[in-house]
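Protein sequence lines correspond, in order, to chains A and B.
When you line the first sequence up against the numbering used here, it's residues 1 to 339, in that order.
When you line the second sequence up against the numbering used here, it's residues 1 to 633, in that order.
Source of the hints: derived by calculation from the structure; they are not laboratory data.
Certain hints may be false.
[Stated by the list, open to error] Chain A stretches covered by chain B per the calculated footprint, using a threshold of three residues with CB under 8 Å from any CB of chain B:
{"no.": "1", "segment": "86 to 93"}
{"no.": "2", "segment": "329 to 338"}
[Said to hold, decoys possible] Okay, derived cross-link-like pairs now, BS3-like style, lysine-lysine, Cα gap no bigger than 27 Å in a straight line:
{"no.": "3", "chain 1": "B", "residue 1": "Lys518", "chain 2": "B", "residue 2": "Lys597"}
{"no.": "4", "chain 1": "B", "residue 1": "Lys268", "chain 2": "B", "residue 2": "Lys290"}
{"no.": "5", "chain 1": "A", "residue 1": "Lys148", "chain 2": "A", "residue 2": "Lys134"}
{"no.": "6", "chain 1": "A", "residue 1": "Lys321", "chain 2": "B", "residue 2": "Lys268"}
{"no.": "7", "chain 1": "B", "residue 1": "Lys219", "chain 2": "B", "residue 2": "Lys203"}
{"no.": "8", "chain 1": "A", "residue 1": "Lys195", "chain 2": "A", "residue 2": "Lys273"}
{"no.": "9", "chain 1": "A", "residue 1": "Lys12", "chain 2": "B", "residue 2": "Lys454"}
{"no.": "10", "chain 1": "B", "residue 1": "Lys203", "chain 2": "B", "residue 2": "Lys132"}
{"no.": "11", "chain 1": "B", "residue 1": "Lys132", "chain 2": "B", "residue 2": "Lys169"}
{"no.": "12", "chain 1": "A", "residue 1": "Lys321", "chain 2": "B", "residue 2": "Lys206"}
{"no.": "13", "chain 1": "A", "residue 1": "Lys321", "chain 2": "B", "residue 2": "Lys290"}
{"no.": "14", "chain 1": "B", "residue 1": "Lys518", "chain 2": "B", "residue 2": "Lys407"}
{"no.": "15", "chain 1": "A", "residue 1": "Lys321", "chain 2": "B", "residue 2": "Lys203"}
{"no.": "16", "chain 1": "A", "residue 1": "Lys134", "chain 2": "A", "residue 2": "Lys145"}
{"no.": "17", "chain 1": "B", "residue 1": "Lys146", "chain 2": "B", "residue 2": "Lys169"}
We put the beta carbon where it would ideally sit given N, CA and C, even for glycine.
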Amino acid sequence: MTDTSVPTTTRKDWASDQEVRWCPGCGDYSILAAVQLLMPELGVRRENTVFVSGIGCAARFPYYMNTYGLHGIHGRAPAIATGLAMARPDLDVWVVGGDGDMLSIGGNHLIHALRRNVNIKILMFNNQIYGLTKGQYSPTSEVGKVTKSTPFGSLDTPFNPISVALGAEATFVARTHDMDRQHMMETFRRAHEHKGAAFIEIYQNCNVFNDGAFESITAKSNRDDMLIPLEHGQPIRFGKEREKGVMLGTDGRLHLVEVAEVGEDRILVHDEKNDRGLGFMLSRLSHGPHEPTPIGVFRAVEHPEYVEETDRQLLAAQSQKGPGDLRALLHSGATWTVE
Amino acid sequence: MSPRNKGVLVSDTAERTAPEELDRVIIRFAGDSGDGMQLTGDRFTSASALLGNDLATLPEFPAEIRAPAGTLAGVSAFQVHISDHDITTPGDAPNVLVAMNPAALRNELPKLEPGGTIIVNVDTFDERNLAKAGYDSNPLVDGSLKGYTVYEVPMTSLTKQACEPLGVKPRDADRSKNFFALGLLSWMYTRPERPTLDWIEAKFGKNELVRDANVAAFKAGHAFGETAELFDHPYEVRPAPQKPGIYTNINGNTAMAWGLVAASQLAKLPLFLGSYPITPASDILHELSKHKNFGVRTLQAEDEIAGIGAALGAAYGGHLGCTTTSGPGVALKAETIGLAISLELPLLIIDIQRGGPSTGLPTKTEQADLLLAMYGHHGESPLPIVAAYSPSHCFFAAIEAARIALKYRTPVMVLSDGYLANGAEPWLLPDVSTLPDISVEFATTPNHVDDDGKEVFWPYLRDPETLARPWAVPGTPGLMHRIGGIEKADGSGNISYDPDNHERMVRLRAAKVAGIAKDIPPVEVTGDVADADLLVVGWGSTWGAISGAVDRVRARGRRIAQAHLVHLNPFPSDLGDVLRRYPKVLCPEMNLGQLSKLLRAEYLVDVRSVSKVKGVPFTAGELETAILETLDD
Chain A
1 MTDTSVPTTT
11 RKDWASDQEV
21 RWCPGCGDYS
31 ILAAVQLLMP
41 ELGVRRENTV
51 FVSGIGCAAR
61 FPYYMNTYGL
71 HGIHGRAPAI
81 ATGLAMARPD
91 LDVWVVGGDG
101 DMLSIGGNHL
111 IHALRRNVNI
121 KILMFNNQIY
131 GLTKGQYSPT
141 SEVGKVTKST
151 PFGSLDTPFN
161 PISVALGAEA
171 TFVARTHDMD
181 RQHMMETFRR
191 AHEHKGAAFI
201 EIYQNCNVFN
211 DGAFESITAK
221 SNRDDMLIPL
231 EHGQPIRFGK
241 EREKGVMLGT
251 DGRLHLVEVA
261 EVGEDRILVH
271 DEKNDRGLGF
281 MLSRLSHGPH
291 EPTPIGVFRA
301 VEHPEYVEET
311 DRQLLAAQSQ
321 KGPGDLRALL
331 HSGATWTVE
Chain B
1 MSPRNKGVLV
11 SDTAERTAPE
21 ELDRVIIRFA
31 GDSGDGMQLT
41 GDRFTSASAL
51 LGNDLATLPE
61 FPAEIRAPAG
71 TLAGVSAFQV
81 HISDHDITTP
91 GDAPNVLVAM
101 NPAALRNELP
111 KLEPGGTIIV
121 NVDTFDERNL
131 AKAGYDSNPL
141 VDGSLKGYTV
151 YEVPMTSLTK
161 QACEPLGVKP
171 RDADRSKNFF
181 ALGLLSWMYT
191 RPERPTLDWI
201 EAKFGKNELV
211 RDANVAAFKA
221 GHAFGETAEL
231 FDHPYEVRPA
241 PQKPGIYTNI
251 NGNTAMAWGL
261 VAASQLAKLP
271 LFLGSYPITP
281 ASDILHELSK
291 HKNFGVRTLQ
301 AEDEIAGIGA
311 ALGAAYGGHL
321 GCTTTSGPGV
331 ALKAETIGLA
341 ISLELPLLII
351 DIQRGGPSTG
361 LPTKTEQADL
371 LLAMYGHHGE
381 SPLPIVAAYS
391 PSHCFFAAIE
401 AARIALKYRT
411 PVMVLSDGYL
421 ANGAEPWLLP
431 DVSTLPDISV
441 EFATTPNHVD
451 DDGKEVFWPY
461 LRDPETLARP
471 WAVPGTPGLM
481 HRIGGIEKAD
491 GSGNISYDPD
501 NHERMVRLRA
511 AKVAGIAKDI
521 PPVEVTGDVA
531 DADLLVVGWG
541 STWGAISGAV
551 DRVRARGRRI
561 AQAHLVHLNP
571 FPSDLGDVLR
581 RYPKVLCPEM
591 NLGQLSKLLR
601 AEYLVDVRSV
611 SKVKGVPFTA
621 GELETAILET
631 LDD
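For reference, chain B alone in the conformation it holds in the complex:
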């Protein structure tokens, strides 16, 4: 079959061979931001998840609400990697590019693997759209796509044809063409149709015409794949061998929201979220706002400062207080974080990192807020940091952060990023009964006898083990006390300007946070633990790409080990020993080397940094190269 074949419907079904089995495939859907590409990718992913594939996704969309249609600035893309084995990244280079218009083709083609497959909506390749995309000549005819397998499918006109009998106006039918593409790809990769049709019914059931148009487009796409003499045969990606259990497909922001709900249940405290909308964190606010039956109170505050202020007020009142934001919001919250450190109240600050500085790349991912989290507040202000490393891990990171916050009476920063927030993966649902009990007890009785022999309550008298202060909530008789941001006298909590007291309090707060190291697991090293020539150490969302790269390098027979940090302040107690155990240490980060800087300063180990600050995650291939270069250096 010629790759230049035009998509022509034939009257009877051509005889086809059985599906060809693939171990994995990476598909990138790209179109105008009005084309519904995120939805298309998301639905394809869901169907694949239900089929039992392992998968990882990378949604990429422009920051503009709607750039002019057909322009390069308006291209929205969704990459999904499906596989019959365990995978950790959305894949290096896509094997298949679905381009809904010339701009999408022009923008995304450089990412496609050499010789990859291109499926274009040929209807959009007119003079106007080609000009908008900056093409001097039509790439479909000028030979510039030589070497790729190109399928030209008239998606718009076929969708219109399919919708016509329903009485759908051509302009409205045009909006269903993404479902045509989805139908076509669903046939091509033997995805089940039922989940998508059910979803359309649930989503558009109330608007029958839209529902019917989408169903018609989806079925037309599917039928087109089956009947057009375009494709030899469909492909199949078998389910990945997975641990038995019940799975769901989850993205990081949903997992984070559910983790917060879980933490509230496990702590037996109501959850309070004070938040101000900001990309890419807003979906946590959206998700939590739905769960009022869990006793979750959400406040969409007037600004970032009010968001954390209200959360701190709720924490003072005995709730699990939480605020969600992204980098610029953390900057605004900095003063209140300082107050929370001084008040020694539990509080969760969740930072879904994005490209910076300033507005930077709001819809793109980066992990450059580590030093902000660590040092971005005035004075000596120790702040525990927990970092999530995969979409589903966000659930556990939220619970772990809450555990630390509640036990040590401290604000805790949780770091996620845009890639984890929007990326999805199958998640083996945990047995709720195995989740930790993180409940706390409020102070109810006086804890000190004053000089006159009177029983009194001292709000800053610490637990000798954890150095945490008692948490006495308003409404408790006999324990009335005043707290505030002015330095506290050790013990009594009264205002104190005594120089020695200030130094003692600074050291006590630091010791309290440092002491959390006794309460977190040692570093988990995988790979050639005993005799590696190189250790790759990372944190956050780079876990998938690092793991993929480590597997590839080890497959080449090289000896390397991997450690991925969840606790970034304090570090696990044995981290120094682990780093010193290996001749070379490499630290890949989506910043200019923030963790490597901390590790060098803390442990005097020559940690080498690999950086990428492009708003897109590392690929395993990039890191494979970096690791090999470091090994051979």
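Next comes chain A alone, as it looks inside the complex:
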């Protein structure tokens, strides 16, 4: 009998021998720490864990994990991870990338990996800027962003990543931020437990090219008033005294209200499994990290997982026709014999 119990590990076991080379003060460090701290708790094996990435600062992530890792090419990590997950359902496949990697050059692969519901966990580090190419605006940068490539201000409407993911039929969609390790770990844990594709947007500070982009909502002093925690089954309330809340108005829209003014009964109860667009409406509550912004799991629903379905068809074909017989295949068309 082989030993099937998972050996106990510590954070150290999950750190590779490679020197971490992000800019000092980069938000990526805290995300890396959250992942390395979480892994021993998940009860998974290092050899069965794979990190796949594209290109960008965030995409260096696999080099720092003492697991299997593939640092791919710009934007294509979800595609590479899809093939790996299909080939090897036994693996725990994580995808790491930034907002440029995932929403710009790799936007197509991201939405298709999500709609297929491949069992991969996508961590998108959003710093609203291109870091590795030294400071151009990104698909999540605010309109008017002045950068080297937009000296007169950018004109592009930014993506709302949560809306994009929900629009792509993602079955697990969440947002967290690099200033709250516990929240990150809890969100990653939920993603890991989810069967299917999980998309997590992580607000991450780039202290070199876009410092303080999220400060107005993630700084400790601002969080109570600016972050709206989403908890399944709980009324959506925020503020130091939970005095504010989200209400579904008779006009069909969500409103930020004072709980005392409307009454507790009117406060919307968060339902991750709501499939009629409430998650999407929540994603539209804020446009940019300067106004109260929902944080947590927007959507977590069960839906057939792609790889399981692929293998189900495979097994069905094998039980119907038996395992493939090469000779039979070659003789499966019309044949004739020459004596």
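Given the coordinates of chain A, assemble chain B onto it according to the supplied hints.
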């Protein structure tokens, strides 16, 4: 009998002479793209294959889904060459043209041999259709077909008559007229009826009315041939002498798909295909999608890049990863090919070449992606290339490419083209037990001791023989490692920007691919090997036309030799010696001279190029002329 004879049914069977024996015949079926000409040609081919003829086919159809009916743009044609001896091409000029409408006649007539036979569906030669085809006057009556043997057969009305008792509406009956044509030709060339009738039953069994209409049309066509006082006698093309064994009729895309399944079995690795539909490669995706019981996983990806990305991900996970595409798709995959070269993982990229650049001629054939395959990725990026030369050879090319990919841990490009993909030939089925074992072993243990005396795994520590790196798949305890597109330190595989290391790695990757030359067969030269005045060197689908031309030129008493390359990178080790052995070297290609350019650069030999870039294959006749001109030059 007058060639202007109208097709009139007579009441009793006229006495006929026995079939006249022909050694070969080339028939071209042409009609509107809604007329089912590809199907008709395909069925005629199958019946001929079952009869034991050697054969070669050339399907040609428009890129448009459906051009307006009756127009020149909508003409779809299928040429089949059947013979009682070994043939290698669909033939130069057709002997028989079956034209279902005026547009088909106008489009295809220039291809017909002088004095050839024309069978037209006379029902369609009305004013409207003649105008659509751009005829000022009816060619059937204005004398412009003088010199040809013309049979006017009212196929549409006879089909309708035959279907009427079944209760088939005239408009629906019209759709069966291709089976009338098939029946007629089947009689004319004494093809067996049973395979076609069985096929109709299998295909349309669920829709009885369609099945019965097609059977009725087919039988009516056959009976018409037999009873109409139109044809003196049928013809017969005897079976070709062939090696004993079991044969099937195969086209290149099916052979390629089966070759991939075979490679997966021989490698004992599951097959993974990541692909995006593109003409003329899609049929490989279709075929492989059927074979889930072989453990084949297929992903119809969101784009070409995702197709190869997923295949590479599967290869990383220990599957036989494969992507199929055509030229424009290869361009999109270029960056991922570069990544695969850097990761040094096995991966198959199958390019079914078509006319380019850009969308070019999507349904037509060309072999102009050789330089793309060789150089179409950034940096110093050596990529082995294997080229299939006939429909059935696609099967073996897939296995050979997989062998190289797996043994040397490298992506490999397989080149086929639209002509091979859709063209069919009889194939003596190989004995499965004779196929090579291409199995590989994954790394399972550490392979290096670090400075601290600890056993570690170095993903880029190479096999000294092949220079291949170990393949450790995720899930293997103790061998965790990180790979990626950033330059790797020789051995450890850690990121390295060291200038000397980069040059060493560039040279190592090049040496690894160059070293494959030791592992491939020497050039096979045929013909007047010892004393030829000229060597014809080629690659890919031109093999058939070149072989036909070489035979003809040698039959004239001239001394020439032939070499056809399967491995295009690296070239066989003795290729330079072979090229230098002959006073003249000629290289026919369906491009503007890509292989000849490579050969000139590599071996400093004055290779002369013969080019054809028309979207249709060379004919043996064209190459016969080119060879004779070069010999006499």
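Consistency of the hints with the structure:
Closer than 8 Å: that is the beta-carbon criterion, and the segment 86 to 93 of chain A has 5 residues meeting it against chain B, so the requirement of 3 holds. With a threshold of 8 Å between beta carbons, the proposed coverage of the segment 329 to 338 of chain A by chain B holds, since 9 of its residues qualify and at least three are required. Pair hint Lys518 (chain B) plus Lys597 (chain B) holds up; C-alpha atoms about 23 Å apart against a cutoff of 27 Å. A distance of roughly 19 Å separates the Cα atoms of Lys268 (chain B) and Lys290 (chain B); the hinted pair therefore holds under the 27 Å criterion.
Taking the CA atoms of Lys148 (chain A) and Lys134 (chain A), the gap is near 9 Å; set against the 27 Å cutoff, the hint holds. Between Lys321 (chain A) and Lys268 (chain B) the alpha-carbon distance is near 19 Å, which keeps this suggested pair within the 27 Å criterion. A C-alpha spacing of about 17 Å is found between Lys219 (chain B) and Lys203 (chain B), which places the hinted pair at or below 27 Å, so the restraint holds. Of the supplied pair hints, the one linking Lys195 (chain A) and Lys273 (chain A) holds, its CA atoms being roughly 14 Å apart against a limit of 27 Å.
Between Lys12 (chain A) and Lys454 (chain B) the alpha-carbon distance is near 18 Å, which keeps this suggested pair within the 27 Å criterion. Among the hinted pairs, Lys203 (chain B) with Lys132 (chain B) is inconsistent with the structure: their alpha-carbon atoms are about 33 Å apart, more than 27 Å. Restraint check for Lys132 (chain B) and Lys169 (chain B): the C-alpha separation of about 26 Å stays at or below 27 Å, so the hint holds. For the hint pairing Lys321 (chain A) with Lys206 (chain B), the CA-to-CA distance comes to about 22 Å; that is within 27 Å, so the pair holds.
Between Lys321 (chain A) and Lys290 (chain B) the CA atoms are separated by roughly 11 Å; this keeps the pair inside 27 Å, and the hint holds. For the hint linking Lys518 (chain B) to Lys407 (chain B), the alpha-carbon distance of about 13 Å falls within 27 Å, and the restraint holds. The suggested pairing of Lys321 (chain A) with Lys203 (chain B) holds, with an alpha-carbon distance near 21 Å, which does not exceed 27 Å. Only pairs whose Cα atoms come within 27 Å are accepted, and Lys134 (chain A) paired with Lys145 (chain A) is accepted, the gap being roughly 14 Å.
Restraint check for Lys146 (chain B) and Lys169 (chain B): not satisfied, since their Cα atoms lie roughly 37 Å apart, outside the 27 Å limit.
Against the hints set out earlier in the document, violations occur for numbers 10, 17.
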